[in-house]
Amino acid sequence: MTGIHSKVDLNLFRILLAVAQTGSTGAAAKQLHLTQSAVSHALGRLRQQLDDPLLVRQGRHLVLTPHGRDILPKVQASLEVLAQCHAQQGEFDPTRSDLEFHLGLRDILEAMLLPGLIHTLEQQDSPLRFTSTRVRGTQMEERLRRGALDLAVDLERPVSEQIVSASFRQEPLALLCGQLHPAYDAGHMDVRQYQASHHVLVTLEPTERSYVEQRMTGLQGKRHIRLHCETYFAAAQVAARSALVLTMPRSYGQQLAALLPLKVMPLPFACQPLSVRLYWRRANSEEPSIIWLRQQIAALS
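When we follow the working numbering, the leftmost residue of the sequence shown carries the number 55, and every step to the right adds one.
Take the hints with a grain of salt, since some may be wrong.
What the hints assert, rightly or not - Pair ranges (Cβ atoms, derived): (1) 110 / 87: 20 to 30 Å; (2) 119 / 249: 57 to 67 Å; (3) 236 / 354: 34 to 44 Å; (4) 285 / 65: 37 to 47 Å.
Calculated from the structure, these hints are not laboratory results. A virtual CB, placed ideally from N, CA and C, is assigned to each residue, including glycine.
Produce the entire structure from the sequences given, and follow the hints as far as they go.
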């Protein structure tokens with residue numbers, strides 16, 4: 055028995071952890087960049103060597119057996135230590151790697167972050183590739199856990215212990231209006247005008263809309279929402295050609311006002327800034343490539 059256990063491949067435990075976190079061999083395969091058959095075969099080998107099923111099917115997901123639940127914290131802690139040892143071997147060199155990073159960004163963050171990121175990479179003559187995906191906040195953790203995303207940037211939200219987050223920026227809200235609104239020439243708007251105006255709102259998940267509106271501490275009463283949009287760029291185009299007004303993050307609003315006939319104005323009431331954070335998998339915290347990626351994104355804040 056001792057001889058068998060001494061030959062256990064540590065990669066099998068990496069696969070066990072991935073399947074336990076994602077709940078399926080298919081999702082684990084995507085996270086680890088393996089085929090599903092390779093993951094299933096590796097899991098079978100580990101089951102045989104440890105003489106336990108480790109994971110059993112429950113509905114559409116694989117869940118840990120009692121023995122699997124007992125050993126998983128030890129497996130995770132050991133792999134994190136090994137990852138730290140690997141990270142100490144050297145820094146990530148973006149000029150010699152052809153990795154593809156997967157980012158979870160909304161349209162507003164794509165416009166704010168991607169131009170600077172790609173400009174930096176071109177300056178370094180880096181072959182790195184990126185894919186940016188718009189991800190709903192409620193789906194973010196699941197996408198991170200199964201490896202579909204390497205890094206996400208989103209509003210502050212609760213996450214499990216498997217996800218790490220760090221502050222990215224505090225983003226104030228501002229008001230945008232076009233030439234057809236009476237406040238355009240004045241360059242400012244009071245609370246009465248704000249509440250009497252019709253608004254275009256970028257559609258958010260109910261919890262996120264509540265998160266934003268709770269920060270409008272100085273606004274009494276509801277806004278008159280005339281139009282819901284999917285993206286801020288579309289909403290800004292509507293505001294530029296109508297009397298509708300748009301409340302949005304100030305930094306991106308300033309970018310849009312440079313492209314469209316819009317004015318950016320301060321909100322006529324007290325409003326707390328939005329807390330935006332970086333999110334990534336705890337298991338990847340010490341990976342040199344992920345550390346480099348976090349540093350690059352954080353530098354664009």
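Against the structure, the hints:
no.: 1; hint: 110 / 87: 20 to 30 Å; in the structure: 26 Å, holds
no.: 2; hint: 119 / 249: 57 to 67 Å; in the structure: 59 Å, holds
no.: 3; hint: 236 / 354: 34 to 44 Å; in the structure: 37 Å, holds
no.: 4; hint: 285 / 65: 37 to 47 Å; in the structure: 42 Å, holds
In this structure, none of the earlier numbered hints is contradicted; all agree with it.
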